[in-house]
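There are 2 protein chains.
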Amino acid sequence: MSINTIGWTIEKWVKFHQDSTPQESFNTLLSVLRTQKPAPADPAWISLTSEEQLLHQWDILQSKSHKEELPLYGVPIAVKDNIDVKNLPTTAACPSFAYTPTEDSTVVRLLKEAGAIVIGKTNLDQFATGLVGTRSPYGITPNSFSSKHVSGGSSAGSASVVARGIVPVSLGTDTAGSGRVPAGLNNLIGLKPTVGVFSTKGVVPACHSLDCVSIFSLTLEDAQLTFNIMAQPDFENDEYSRAMPLNPLQKFGPSQVNIAIPTKLEWFGEEENPKIFNKAIENLGKTGSNIVSIDFQPLLDLAKCLYEGPWVAERYTALKDFYATNPPVETLDPTVTTIVKGGAKFDAATAFTYEYKRQGILQKVRKALKGVDLLVVPTSPLNPTIAEVLAEPILINSRQGTWTNFVNLADMSALSIPAGFRPDGLPFGITLISEKFNDYALLEFANRFLKISFSNQRSLGATKTISSLGDELLPNIPKPDLKNSVKLAVVGAHLTGMELNWQLQKVNATLLSAPKTSKKYRLYALPTAGPIAKPGLRRVSEEIGSHIQLEVYSIPKEKFGDFIEMVPEPLGIGSVELETGEWVKSFICEEFGYTQQGTKDITEFGGWKSYIKSIESQASKKPF
Amino acid sequence: MSINTIGWTIEKWVKFHQDSTPQESFNTLLSVLRTQKPAPADPAWISLTSEEQLLHQWDILQSKSHKEELPLYGVPIAVKDNIDVKNLPTTAACPSFAYTPTEDSTVVRLLKEAGAIVIGKTNLDQFATGLVGTRSPYGITPNSFSSKHVSGGSSAGSASVVARGIVPVSLGTDTAGSGRVPAGLNNLIGLKPTVGVFSTKGVVPACHSLDCVSIFSLTLEDAQLTFNIMAQPDFENDEYSRAMPLNPLQKFGPSQVNIAIPTKLEWFGEEENPKIFNKAIENLGKTGSNIVSIDFQPLLDLAKCLYEGPWVAERYTALKDFYATNPPVETLDPTVTTIVKGGAKFDAATAFTYEYKRQGILQKVRKALKGVDLLVVPTSPLNPTIAEVLAEPILINSRQGTWTNFVNLADMSALSIPAGFRPDGLPFGITLISEKFNDYALLEFANRFLKISFSNQRSLGATKTISSLGDELLPNIPKPDLKNSVKLAVVGAHLTGMELNWQLQKVNATLLSAPKTSKKYRLYALPTAGPIAKPGLRRVSEEIGSHIQLEVYSIPKEKFGDFIEMVPEPLGIGSVELETGEWVKSFICEEFGYTQQGTKDITEFGGWKSYIKSIESQASKKPF
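Chains as they are written, first to last, in the working numbering: chain A, 221 to 844; chain B, 221 to 844.
Okay, chain A solo, but in the shape it has when bound:
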C-alpha cells in the first residue's frame, strides 16, 4: 500500500492525516522518506531524517492534545542545510563545517510546534553564497524541469524538493535572492519576508544584517499559512528580529493599485523571458492596476553596493574562524571561498562610507517610490544551463541577481510567483516587491494576478498537477488584532457588496460577524442627499423596536481617523446594543436625519439589504 502524495498541498496533507489512523499517517510519511535518497543519488538532499528520528518526531506530535487542529498537522517539510534542525547535521554545504545542533532554529521550532515533520536537509550554494545551485561539494542540484539546467540558488535543494512535490513547503534563506531565484526557475512561490520578521536564530549567517529565512511552496495559500506561523518576534535571540505591525496591511487598494516596472530591462541576450514578462505586465493591467515605468537606477546602484561593497565582510566575519582552521580543500567550493575571503580586505572606514552611500540612495528610492504600492520585476533574467554556469560561474551568477540583490538593502518585502512557461518548457517567474511589512498584501495581490494569468488552471511546481485552488488565500489570516482595533457595526451602504464597502477596505477593516441589534431599534431610509442612499438607525424602547441586521468589522485603531472623515451628517459613530447584549461602536443617526421630509420607516424589512432588494425587485417589475 503506497499512497501517491506527490504534489500534495498543506491542506491535502492535513486532511489526509485527519482522516487516517495514526499508523496509516506515519506509514505514509515513512514511505515519503523511504523514496528519498541523499546526495549524490539525489543532490537536492544533503541529509535525510532517519526512520528512528521520523518516529520520534511523530511520537512527539501524537503526544500533543488537539494535534489534529494544528495547521501543519503531520505535514512533511524540508529545511535548507544552513538552518538548524535538532540532531541533524548543519553543513551549509561544507562537510568540514558541519556540526550537529542540539536544538532547533526558532523557525523550525515554530513549524514543528504547528505540526510539521522535517524530512531532511537540502543542498545549497556553499554558505548560501550564490544564486546558481552549482557551488556545492554535495553536487549540483538540477532544475526540476530539466536535468541540464540549474535549479538556481543558493536554496537549490529546497526549491527542487517542493517543485517535485515531495513536500509542500520548504525553508530557504534569502540574503541577495537565494529564496527567489530558485522559485522563479522551478515554477514555485518564493516568499522573502521583510528582514527580521522571521527569526534567524539557528541559521548560519551569510550577511547577518540582511539575512532572511524564506519559504518555498506550490501555492499561495501554503506560503500564507507558513508565513503566519513563522512571523513571530524573537527579540531575545535575534538582534534583527522585528514584530509585524499589529494590523499589517492585507490588501493594496481598494482604489487603483500603483505598480512600478523598470523603464529599462537588461536581458543579456535572452529572448523568451522578455515575452513572458511583457505578457505578465499585460495581465497586471487586467487587475485594474495603474502601471508606470520608473527609473530603477537607484535600486540597481544599491544592488551594486552589495557585491562591490563591504557587506561581503559580513560573510567573512561569520566564517573567518572556520577558514583559519585550514579545512580540507576538497570540502570548499573555490568560488565561494574566493568571494568570502574577499571580505577580509575591507576596512571599517569603507564600511561606513558604503553605509552612507546606501542611505543616500535610499533617500532617492523613497522619493522615486512615493505613491507606488509595489514594484514588479523579473525574478531573474535567465534560465541558465549547468554548463553555462560552470563556464562563467561569477558572471552568470551576478546577472541572475539583477532584480533580487537590492531588496534586503532597501528593507523591502518580496514574493516571487510563476508567470508562465517558455517554448522549451522551462518556467519564468516575476517578483512583486513592496515596503517592509507588506508581506500579506503581496500574497493578496499575487492571488489577483495568478487568477488572471492562469484562469484557474495553473500547474504546480514541476508536478504536472493542474490546480489553482491553493492560490486562494485563507480569509482568517492574519487575524485582526482586536486589542488595537475598533469594533464597528455598519448598517447601510457599508455592508458587504454595497456602494461604500470600499471605505472599510480602504482602512484595512476585517469583517468579523453579521449580528442583529437588540430589539430596540428602528431603521429609516433617509431622504437621499447625493448619489448614495443611506439608512438611519434609531434607538427606541423595546416595545416599539425590532432587530436590525448589521455587519461588525474590526478597524485598526490608527485608521479610524481616516474612516470617520468619510462619515457625513446626519450620521455619526456611536454605540449599538447587539442581540447578544454586547455593545459595539456603530453608525447612529441624528434625530434631525430621520425626521426630515421624505424619510421612510423601513424597520419591517429587518435591514438595509432586504429593503434595497425589495426596491430593486419592484423596479424590475416596472415596464420602463
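Do not rely on the hints blindly, as some may be mistaken.
Identical chains blur together in the list; that is why a pair holds if it fits in one copy or across any two.
As the list claims (entries may be wrong) - Simulated crosslink set (DSSO-like; lysine-lysine; CA at most 27 Å straight-line):
hint	residue 1	residue 2
1	Lys-707	Lys-829
2	Lys-726	Lys-707
3	Lys-684	Lys-577
4	Lys-671	Lys-499
5	Lys-584	Lys-421
6	Lys-232	Lys-565
7	Lys-561	Lys-368
8	Lys-577	Lys-565
9	Lys-524	Lys-584
10	Lys-590	Lys-421
11	Lys-829	Lys-726
12	Lys-656	Lys-577
13	Lys-587	Lys-421
14	Lys-565	Lys-540
15	Lys-232	Lys-284
16	Lys-587	Lys-699
17	Lys-703	Lys-565
18	Lys-235	Lys-524
19	Lys-577	Lys-587
20	Lys-726	Lys-306
21	Lys-584	Lys-471
22	Lys-495	Lys-684
23	Lys-703	Lys-584
24	Lys-829	Lys-740
25	Lys-499	Lys-471
26	Lys-829	Lys-561
27	Lys-703	Lys-590
28	Lys-584	Lys-656
29	Lys-833	Lys-656
30	Lys-587	Lys-703
Honestly, the hints are just simulated from the structure, not real lab data. Just so it is clear, the structure is predicted and the values come from calculations on it, not from any experiment.
For this one, chain A is given, so just place chain B on it according to the hints.
Using the frame of chain A, we list chain B on its own:
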C-alpha cells in the same frame, strides 16, 4: 549710546527690533559685534563676522517683506566652527583644515531665513572630538562661571557665548555629548535633537551616522522656537535626514509620567553633584511622575561600543584625506589626532560585529524601557578644572561622557537642563532622554520640572539675569498638522478644565478655537449615568434652535481610534454646523438620550460650562 543686550532672549531681541528704527537695530547688533574679540583674546570665538558682512546680512533681512514677523527677526546667533556659514571660514578648530564655504549649511540657512544674524563662529574640541573644550589650537575656552574650569566640549565656545548672554542662541553639534556636556557646565538648555531631524548638510562630519546639530539657549522657549525652525527634512542633501512625525508627541501623560533613573550612579569621587542630582529626583517626584530606578547596564554597554568600537572609523573616514596631506603639527591637537587615526585600525568585519552587538543591546534596551516615558541622568558627573583635564585628557573626557555617549547609538532625543548650583557656584545639569521624535515632549516636561525646581526664579546662564518667564513654552509650537488631524467639536465634559478634558490630552489634541454652533441646536443635560454629568446636543430647525458654545480641537488621525473608544452611548461622533457655516466633526447624541426621563433642556444657558457654573453657584447658596 549703547544698549545693554546681555542676556536678552529671542523675544527681547525681536521686540527690540520691532520697536526700533532699522538704524538703531543695526547699530545695536554692530555694538554687540564690536564688543567681541576673536581668539586668543576671547577663546570662545574662532572668527567673527566682519562689519561689512554684518551689514550685508542686515540688508538681506531688510529686503524681506514682513521681516518684522519673522520669528528670529534680527536675533544674533553664534555657530560652532564645524558648521558652514557662507563666507566665514570653517576651521573645525584646525587652522590647516580651514576652508571658506560658498553657501550656508542647511541649518544656518533656515535660521537666516527666519531672521537670524550670524555674529561669529565658535571654538570647539578639534573636529568635535572631545567633551572638554581644551583640545583646540585656538585656545582653551574657560567655563563661563570660572576661569579655572572647563567649558565642556566639544561645543565649548557656543556654550560660552550663550551663557555670557552675548547671543540668546547658538548652534553646537552633538555626536557623543558635545551639545549636552557644555550646557550642563554652563547652566544652559542644551537640546540634542533626534538624529536626522536637523540636516547635517554643511557640517564637518565626526561620526556621520550619529552626528546631530544641537541648540544652546538660555531658556526653554528659545530652544523650542529654534528647534521648530530647524526641524526640516533635507532628504536631497543629508543621507540621514528624517522628517518629524506629522503630529509629534507634545506632552508625556496626561496620566502619570514614568521616569527611569539609573540604579547605580558612578560619581568618580565627586561629592556635590550627587546631592544636586538627588534633589532633582525629589523635584521630579513633585511633578507627579512615577520614578523607578532601572539597570542602565545595557545603555552603558552601548556607550562603551562607541569608544571601543569601530565608530571612530567614521571620524577617520571623514579626515583621512586631510591627514594624508601632512598638515603642520602645530595645527593639530595631539589627543584628537591619536583618537581619529586610531579609526584606521578597524576592519569591516569588526564594524559589522559591533553593529550586531549594538542591535543586540538595543533589543534589551527596548525591553527594559517598555512603559518608560523618559530617562533622567546627570548631564555629566564632574565639573573638571582645566588643570585636571590637561593632566588626564583621556580619562576625564571619558568620565564626562558616561551619560551622554549612548544616546545617539540608541536613536534617542535628549535635553540637558539646569538642575542647580554647587557650593562653589558652579552649575550642574541633568539630561532628560526619550525615544526618537519626542523632542517637543521633552521641552514640555522640562518646563514642569524647572517650575518646581526654581519657583520662577531661575538665573539664566552666567548672566545673573533672574527669570524663568522664558521657560514658558509657546503654545502654538508645533502647529498641529491639520491635514492629518480630525477637527472635533466638543460640547460637554471634554471642554477645557472639565472632567474629561484629559481624554483629549491623551490623544495629543490641540485646542484650535472656541466657536458656537449655528442657530440650529438645543442642548440637554442628560440624566446622569455614572459619576460625570454629560450634555446631549440636538439639531433642530432654526426657528427653535439656538447657538451653543463649543471648543474645536485637532486630533491626530492616528489617535482618533483611541478617542472614540472612550465615547459612551448615547453620545457619538457626527458632524455639527458652526456659526460660520463650516461643518466639523462633533459630539452628537441619540434621540434616545435626550428623551429619557430626567433630561433637562439647558439651551438657554448657551453652553455646558455656563450651565455647570449656574448649578455650582446655586449649590453654594445652599446652607448645607
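Verification of the supplied hints:
1. Lys-707 / Lys-829: Classified as within: same-chain Cα gap 21 Å, cross-chain 32 Å, threshold 27 Å.
2. Lys-726 / Lys-707: For Lys-726 and Lys-707, both the intra-copy (16 Å) and inter-copy (21 Å) Cα distances are at most 27 Å.
3. Lys-684 / Lys-577: Result: close neither inside a copy nor across copies, 46 Å intra and 48 Å inter.
4. Lys-671 / Lys-499: within (14 Å within a copy, 69 Å between copies)
5. Lys-584 / Lys-421: between (33 Å within a copy, 16 Å between copies)
6. Lys-232 / Lys-565: neither (51 Å within a copy, 58 Å between copies)
7. Lys-561 / Lys-368: Neither: 30 Å inside a chain and 54 Å across chains, both beyond 27 Å.
8. Lys-577 / Lys-565: Answer is both; intra-copy 19 Å and inter-copy 22 Å each pass.
9. Lys-524 / Lys-584: within (15 Å within a copy, 34 Å between copies)
10. Lys-590 / Lys-421: between (34 Å within a copy, 23 Å between copies)
11. Lys-829 / Lys-726: Within one copy only: 21 Å inside, 39 Å across.
12. Lys-656 / Lys-577: both (20 Å within a copy, 23 Å between copies)
13. Lys-587 / Lys-421: Cα proximity of Lys-587 and Lys-421: across copies only (18 Å, versus 34 Å in one copy).
14. Lys-565 / Lys-540: For Lys-565 and Lys-540, the Cα distance is within 27 Å both inside one copy (12 Å) and across copies (18 Å).
15. Lys-232 / Lys-284: Result: close within a single copy only, 21 Å intra versus 75 Å inter.
16. Lys-587 / Lys-699: Close across copies (25 Å), not inside one copy (32 Å); limit 27 Å.
17. Lys-703 / Lys-565: neither (51 Å within a copy, 51 Å between copies)
18. Lys-235 / Lys-524: The answer is neither: 47 Å in one copy and 56 Å across copies each exceed 27 Å.
19. Lys-577 / Lys-587: within (16 Å within a copy, 31 Å between copies)
20. Lys-726 / Lys-306: neither (44 Å within a copy, 49 Å between copies)
21. Lys-584 / Lys-471: Result: close within a single copy only, 26 Å intra versus 33 Å inter.
22. Lys-495 / Lys-684: This pair counts as within: shortest intra-copy Cα distance 23 Å, inter-copy 79 Å.
23. Lys-703 / Lys-584: The answer is between: 25 Å across copies meets 27 Å, while 37 Å in one copy does not.
24. Lys-829 / Lys-740: within (19 Å within a copy, 33 Å between copies)
25. Lys-499 / Lys-471: within (23 Å within a copy, 54 Å between copies)
26. Lys-829 / Lys-561: neither (68 Å within a copy, 76 Å between copies)
27. Lys-703 / Lys-590: between (31 Å within a copy, 18 Å between copies)
28. Lys-584 / Lys-656: both (17 Å within a copy, 23 Å between copies)
29. Lys-833 / Lys-656: neither (43 Å within a copy, 54 Å between copies)
30. Lys-587 / Lys-703: Answer is between; shortest inter-copy Cα gap is 20 Å, intra-copy 34 Å.
The structure fails hints 3, 6, 7, 17, 18, 20, 26 and 29 (numbered hints given earlier, in ascending order).
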